[in-house]
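This is what each chain is made of:
2 protein chains.
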Amino acid sequence: MEERTPRRPRIADVAREAGVSKTAVSFAFNSPDRLAPETASRIRDVAVSLGYRPHPVARMLTQRRTMTIGVLTPQALAVIFSNPFFGAFFEGVALAAEAEGYALHFISPLRGSLARAMDHATVDGVVAVGLSARHPEVEQIRAAGVPLVMVDSSALPDQPTVDIDDEGGARAAAQHLIAMGHTDLLIVGVEPPFPGTAAQLEPDGVMGRRLRGYRAAALAAGIEIVPASFVVAPASIDGGMAAFRRAWTSGLRPTGVLAMSDAIAVGVLRAARDEGLRVPEDISVVGFDDLDLSQFTDPPLTTVHQPIRLKGESAVRLLMSVVERRDPFPQQVRLETRLVIRGSSGPAPQRRQEVARVRR
Amino acid sequence: MEERTPRRPRIADVAREAGVSKTAVSFAFNSPDRLAPETASRIRDVAVSLGYRPHPVARMLTQRRTMTIGVLTPQALAVIFSNPFFGAFFEGVALAAEAEGYALHFISPLRGSLARAMDHATVDGVVAVGLSARHPEVEQIRAAGVPLVMVDSSALPDQPTVDIDDEGGARAAAQHLIAMGHTDLLIVGVEPPFPGTAAQLEPDGVMGRRLRGYRAAALAAGIEIVPASFVVAPASIDGGMAAFRRAWTSGLRPTGVLAMSDAIAVGVLRAARDEGLRVPEDISVVGFDDLDLSQFTDPPLTTVHQPIRLKGESAVRLLMSVVERRDPFPQQVRLETRLVIRGSSGPAPQRRQEVARVRR
DNA sequence: CCGGTTTAGCAAACCGGTTTAGCGCAGATT
DNA sequence: AATCTGCGCTAAACCGGTTTGCTAAACCGG
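If you read the sequences in order, they're chains A and B. Residues -9 to 350 in the working numbering are what the first sequence spells out, letter by letter. Residues -9 to 350 in the working numbering are what the second sequence spells out, letter by letter.
A couple of the hints might just be wrong.
Below 25 Å or equal to it, Euclidean Cα-Cα: the simulated SDA-like pairs (lysine to any residue) are [as the list claims (entries may be wrong)]: (1) A:Lys12 to A:Asp35; (2) B:Lys12 to A:Leu51; (3) A:Lys12 to B:Ile213; (4) A:Lys12 to B:Ala134; (5) A:Lys12 to A:Arg(-2); (6) B:Lys12 to A:Gln130; (7) B:Lys12 to A:Asp35; (8) A:Lys12 to B:Ala105; (9) B:Lys12 to A:Arg(-2).
These stretches of chain A come out as covered by chain B in the derived footprint (C-beta under 8 Å, 3 or more residues) [unchecked claim]: (10) 47 to 61; (11) 109 to 115.
Residues from chain B that face chain A, not an exhaustive set, calculated with beta carbons under 8 Å [said to hold, decoys possible]: (12) Gly41; (13) Pro46; (14) Phe71; (15) His95; (16) Thr112.
Worth flagging that the hints you see were computed from the coordinates, not collected in a lab. This structure is a prediction, so every number in the text was calculated from the model and none was measured. For every residue, glycine included, the Cβ atom is placed at its ideal position computed from N, Cα and C.
Construct the complete structure from the given sequences, taking the supplied hints into account.
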């Protein structure tokens, strides 16, 4: 027969059963050296027999640390997890967090409010990814005194950040196409998650920086990027397909496509093929990210590589330096990008009509 | 000039500043109707001016709920996040959790110990995925009184579980190949994450059930599955490539491959092509899972569809029914699978030599 | 045998909230 | 005038641990 109230045993229960004080029980778990060896082991035996485990929340309260780091995303988690980019990023985050003995807690808008979600989150620090510096939550988090590292957002002085050389990578991508004779370029950007802000791309944001890189290369070659040839799409294969189809239907006939994400690039690849275009003979496509799967597409995707896992690792390490050592110098980490040339890009078709002709 | 000690304001600070009791402050936040409207709003004003936010850990302690659900995986998170299957699964989990207002906390082995990680996790319930029922942690969690839903594990009576019709799906896959004349089949299973347990596949586990399905179809057609034609590989593209290469090098010449995961199937696809085989003319490949990307492979992958997102959603909903309503009936949810025929499978080659000849 | 240092363990304060029981008072009821 | 009711608020207990400050006994060299 069990007790009729299978209440979770508390430290006081163990203390009573073992005939010692609560303090002694606490010591038995946390600093056994402050107890006689046999007392400590007796207490532990009693604890085991009672099925006692220190209540993690109570422990957090007194120790003022949760051994958890928060991963904050302005989008709903459901859309995040379906994105391979985040998969790789979280891989890096998890690797570094596990190495430090920290668990991961995901913070995403709770009933529409990121602020509310933050209020409920019990974390020692936060890695925010894709959160614009203008987002009001940034101030809230800083005011709350929670260490924060921002990834892929417009740089805020005085704030630890991790990002990559977006502009340089984009420039390399555009130069690559231009060097092969492409002059008619279509740029496909990533649509910001919030419809309201879609109109104005933050110039300091990731997409703004990439756009600047594309433009710089075009400008240097005397190529004009007309507004019509810059479109945006959700960062997904479907999004890329739809964007290319819209551009094609509206009469655009690019020989080269610069996509700001691999998922979009893969969608463009497929949509182009659906239109009867050969890749790379009729049209070249260059992505951005270099996801794992990008080497397995058909043809393999030419893209700008960024060290996604490393980005996650760096963010956590930077956060740890703030959390644990209360490092007073906020650091800004910028990682390298590099162009990876595979099969989806090639010389521009010789005569312009060739491309037009294949249209069904 | 700020105060020299920017300590986080506590409820007592607000109470003093507003000239009321702690209780009143608590009421102002949690049950304003118990206060005169003007008192409540005055307290809130003071709280805002002080930058006060209720400490989430303290709140958890008294309310005895964390509004967080734990997602437990026996593997390290870093390996989980790189796997598209889990991406889709978490998508479903996140969707349902967010709808209920719960946040997500990932529980994975902490310094090698799942038990330790559980001890530190502050969650109201746990969704465990791929955790064998034999795992000692299962008992620990149940003993701790934390509601638990197990996904894709060998069913434990008296325990809420979510799984799919693995056996039926596998049978359909094998029947499909057999109906098209395939008799030389290679089965590639998923390697259990822990090397030690690799040898004995749990017969009740997911892989055991799928194997049973394949076998049942073969048996019904009078086809023998020799032990040599059952191999295992890590659930990744590379794993699938390596497994197929090993099988091929060891002299196996299957015309049909049954892979227990799409990632493995994609790897097999590529490795087969590298050997100079045409898919599906020379060799057919059938996967399992129907990941999003499987419709975009070349050729598109024939595979057993399972509702991965729904699986995640169902697990959380089942968990919620236990957490919130203390539902006394543990339910077992079993979801359907179905074969999706795409381009990677076709009739077996007519003459056996055809396949042998193409070898380089 | 004595003062000084360890050692082993305890009581109480504390972490920062929520919740219960109850009090004083105004207005309504008898 | 006495009792009742309900409002607005408070003091104190509580959630379940950790940590501080202290004491009594054991140990130690001289």
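Status of each hint after checking the structure:
no., hint, result
1, A:Lys12 to A:Asp35, "holds (15 Å)"
2, B:Lys12 to A:Leu51, "holds (18 Å)"
3, A:Lys12 to B:Ile213, "violated (67 Å)"
4, A:Lys12 to B:Ala134, "holds (21 Å)"
5, A:Lys12 to A:Arg(-2), "holds (16 Å)"
6, B:Lys12 to A:Gln130, "holds (24 Å)"
7, B:Lys12 to A:Asp35, "violated (40 Å)"
8, A:Lys12 to B:Ala105, "holds (24 Å)"
9, B:Lys12 to A:Arg(-2), "violated (29 Å)"
10, 47 to 61, "holds (count 7)"
11, 109 to 115, "holds (count 4)"
12, Gly41, "holds (6 Å)"
13, Pro46, "holds (5 Å)"
14, Phe71, "holds (4 Å)"
15, His95, "holds (5 Å)"
16, Thr112, "holds (5 Å)"
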